[in-house]
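Enquirer: Chain by chain, the residues run as shown.
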Amino acid sequence: MLFAQLVVAGIQTGLLYALTAAGFAIIFGATRIFHVAQGAAFALAGYAFLMSNAAGLAWPLAALLAVVVAVAFGVGMERWVYRPIQRHEASFFTVFVASFGVTIIAQSLIEVSFGRGFVTLSTPLTQARPLLPGLYVAPVFWIALAVTAALFLGLAVFLRFTRAGIGLRALSESPELLRSYGLSSSRLSVLAFAIGSALCVPGAILTAAVTGLQPSIGAHVMLISLAATIVGGIGSVSGAACGGLLLGIAENLSITLLNTQWSEAASFIVLFAFILLRPRGLFGLASTR
Amino acid sequence: MIAYLVNLATLTTIFAVLATSLNILIGYGGIFSIAQAVFFGVGAYAAAQVALHVTPDLLVASAAGAGAAALLSICLALPALRVRDEYFVIASLGLQMLAVTVFTEATPITGGFGGLVGIPPASLLGLPLTDPNAMLAACLGFLVLVLVLTRVLMRGSFGRSLMAIRDNDTAAEALGKNVMVLKTLAVMLGCAYAGIGGALYSAQMQFINVESFTLDQSVLIMAMVIIGGTGTLIGPLVGTVLILLLPAALSFIPGIPPTEIGVVQQMIYGLVMTLLMIFRPGGLVTLRTRRQ
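Just so you know, the protein sequences line up as chains A and B, in that order.
Mapping the first sequence onto our numbering, position 285 (from 1) lands on 669, and the numbers just tick up by one.
Mapping the second sequence onto our numbering, position 276 (from 1) lands on 693, and the numbers just tick up by one.
Think of the hints as simulated: they come from the structure by calculation, not from any bench.
It should be emphasised that the depicted structure is a prediction, and the values quoted were computed from it without experimental measurement.
For every residue, glycine included, the Cβ atom is placed at its ideal position computed from N, Cα and C.
Only true hints are included.
Here are the computed distance ranges between Cβ atoms for each label pair:
#1 ALA665(B) <-> ALA534(A): 49 to 57 Å
#2 ALA540(A) <-> VAL598(B): 44 to 52 Å
#3 MET418(B) <-> HIS472(A): 40 to 48 Å
#4 LEU557(B) <-> ALA439(A): 49 to 57 Å
#5 ALA548(A) <-> ALA591(B): 40 to 48 Å
#6 VAL598(B) <-> ARG553(A): 35 to 43 Å
#7 LEU688(B) <-> ARG416(A): 19 to 27 Å
#8 VAL541(A) <-> PRO671(B): 55 to 63 Å
#9 ARG471(A) <-> PHE669(B): 33 to 41 Å
#10 PHE387(A) <-> ALA588(B): 50 to 58 Å
#11 THR640(A) <-> ILE678(B): 38 to 46 Å
#12 PRO675(B) <-> PHE387(A): 43 to 51 Å
The shape of chain B in the complex, shown without the other chains (with noise of 0.2 Å):
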């Protein structure tokens, strides 16, 4: 049980990070993508390739986890510059269905619908990271941070440029905001973060393969920032913890078979995403001084 427990909130720290990198995307950036999990997934395979083969120190594949999300992140960026709103969510799902092609493909490089299998285990160092209390400790020290960077980036020229753009981008292009390499730096910054909860993952797991890195990864790391409510630094926690905690109170409940709990959950989510946006658009939480 107390094992359950540890694994259970590890997963919602990695689950965390997540949900703050998307964001950094749509909260801040007003970048509204749907295939976080392609960089999440790419972290994950970077990190999970240099534990296998080169040390299975978190805090070097965590680097080349956010290393290599980052690099890519130009696919992203790119028709975020050129297109917006509809265009862009549209050109995220494509990246996404390529992206799942592109892993279940690969197979030299991510082991293709297998997955890697045996990544050692973590550590952190020099110190190994094999108690399951050591890895929710050193998952939950990344998650703060990321917290902090986010709130020190936010809080600063960088996110209030940022966040000017998402409002009006014309306005804060003519005040002197270089749209185009500020977005950029979003997006980069956005999926470094999925890179990291990436690494975290496959050290976490031991195991990878393409079916953690799908559309429908994608669109629940989505729920999680909605409906925690965009835009803040405490809302994507709180969505992360409401969704994550949601199969387990389910499996609680007398009368749902087990084989049936994955569906009352998609069922659940979408009804509150619904409901969210009709009655409440800002997420569960709304921040009071949402407008400055």
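Chain A extracted, bound-state conformation (with noise of 0.2 Å):
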């Protein structure tokens, strides 16, 4: 039942891996920003949950709070930094660079404010119940599983249904077009970083109860996420969220194969693969540059 057990482990993983990189997509495919900052809107909106919900803020309002702090990050992000950078001819590699500067500097805030050990919180949601015999699965598992079931659902009839849903599609496809339609582009990606920065909240909140949070989770979700972003084609949200459920069974199933000290890296070899093999990923669009 080892394998089983480790499958369900992997899916809990990949889900959230799953919802961090469609945001991520969200935000790369709307404005072609290489948000790699993503990973500090997560460790960000966990941390300004933990402490409100350890200072007495009931739940949902601490939840509320995360998402606030992630939202307010990732516009903030797009209105002073990344909006000065594209004012001059930018390569892709100044907004990296920025946006790794800003990282660095998210994860020495937290580790100034909140120190460098794990930060946990205890809830009996994450104690597992034998679901077969020696399956053993915790209720935060289908919390996991509804809350990513609705977000992509959510997602999907936003995207396809709505004016600002659509507006984001087109501006991922032709900015100049949009703008002649008379849309405002500015304002779509200051949504499209709105919705892909709350998109990590679930994420923070679910892996805060399950694992814990330290100051560097955020580079290494992001790094999670990137590897998903490509796994599953760049700027493809469903790509995103397959990519992030397959690099979360790998982790976990490479356990079974290797040493526990390689789970991190199988994650990378399945990029690498993909890279070398595949690169526009299991759902990209060939290139056109």
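Using the hints, build the complex out of the two chains.
Expert: Structure representation (structure tokens):
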């Protein structure tokens, strides 16, 4: 039953990666900004939830606060970092370095404020219960599954049927055409950042409950969600979701084949294979650039 | 105090070699790698093994370091030929994460977490370099050698073709430049330099472990190049000096507890990187003739 147990654990991790990677994919798809500071949004949201909850705030309010923090961070990045950079001719690397710099700042701020150790939320929801003989599943697994499904459903409806959602998809295909139709591309990119950042909040809260948070969690999540985006096909939301799920499962299953020390490396072996053999990912369109 | 300063100067020289090595990739080749600590590590381990088992001669050790790093640079060259921009950055990040695991697990070669201890003091052509000043002089010699070679190569046909590829690879290919060969050579050269840096580092520290070759180190080297100025000979040197003097300078400021210096230092260079990208993306040393 070890195999089934690891698959369940893999799906649970994968769902969290999938949400964060989907947020990254929405931002990258709409604005072509390589927002590596998404990991910082994840960490900040997680810490905001934990700290306000520990201070006595009820969990729905704490979760709301986490969403506010993440969205404020994302929109602030768009307004005060990316937009000034894009005003002068900016190579992708300029954007990347700036974003990476912010990730470092966020990590060290968290380290100064909350210490280097793990902080975690103790809740009965993470206690495993037997589902089948030998297979233990904690209630948090079902919560992760339900939240992820609901959010992806909502996202699909939004992107397909609402005016703003269609605008976002149009922005990724042709910003010039969008502007000539009288839509504001800057307002849409703020929207992309708001949605993309908010999507990492459930993952951050569930990670806080399941494994706990530490200052470098942002960098780790960033790496995984970047890898998931590549594996899924850059800019494709459903691709990022599948990529995240795949990496989460690979990370956990690698324990059966290799030493535990290799579980993080497993993600990157998958990533490397994709880059060399199928760079456009599972669902990516052939790159036109 | 003097011993501390000499040690700091030697480390600065070694990191200047590293920053120059990454500058070949980022500044001249347009290959945005964040895996330079991998080749720094490969060079350091190879040189340490040579020093432990063959000869403590710094020239032999550096040659071994450079050779090993150049050989393994194929791991970076393959994705560099296959993908670019965002994809390549992520590929290099992936390589960095993998390499840390390999360094930790390949205990027979790298000593794992414990690292390699008791690396004998280096010598150069039979002369012992046990005196810190002699070691500093030797490292400076290597740095000058690397800088001169870089200048000669980048001024010549190889460098100009490389920069043409960086600016527009389709146009360069249309002019008959062999993009694949040139990029592979650039990666090999940059990684070989990093290997030399690793060899000098292992000779200077006489102890190496995986902690020195992590993503943080790669980011530090990247920060040196970016803050100093990419694509110039002086820029990475300026960046190296600034970043390595920062912790020393911070320790003289009262009010910062010694345990927090690392965090404050990280915060400062994160802030500087972000602000520079917003206001001066070329780095501190921007070439006036940048667009030539």
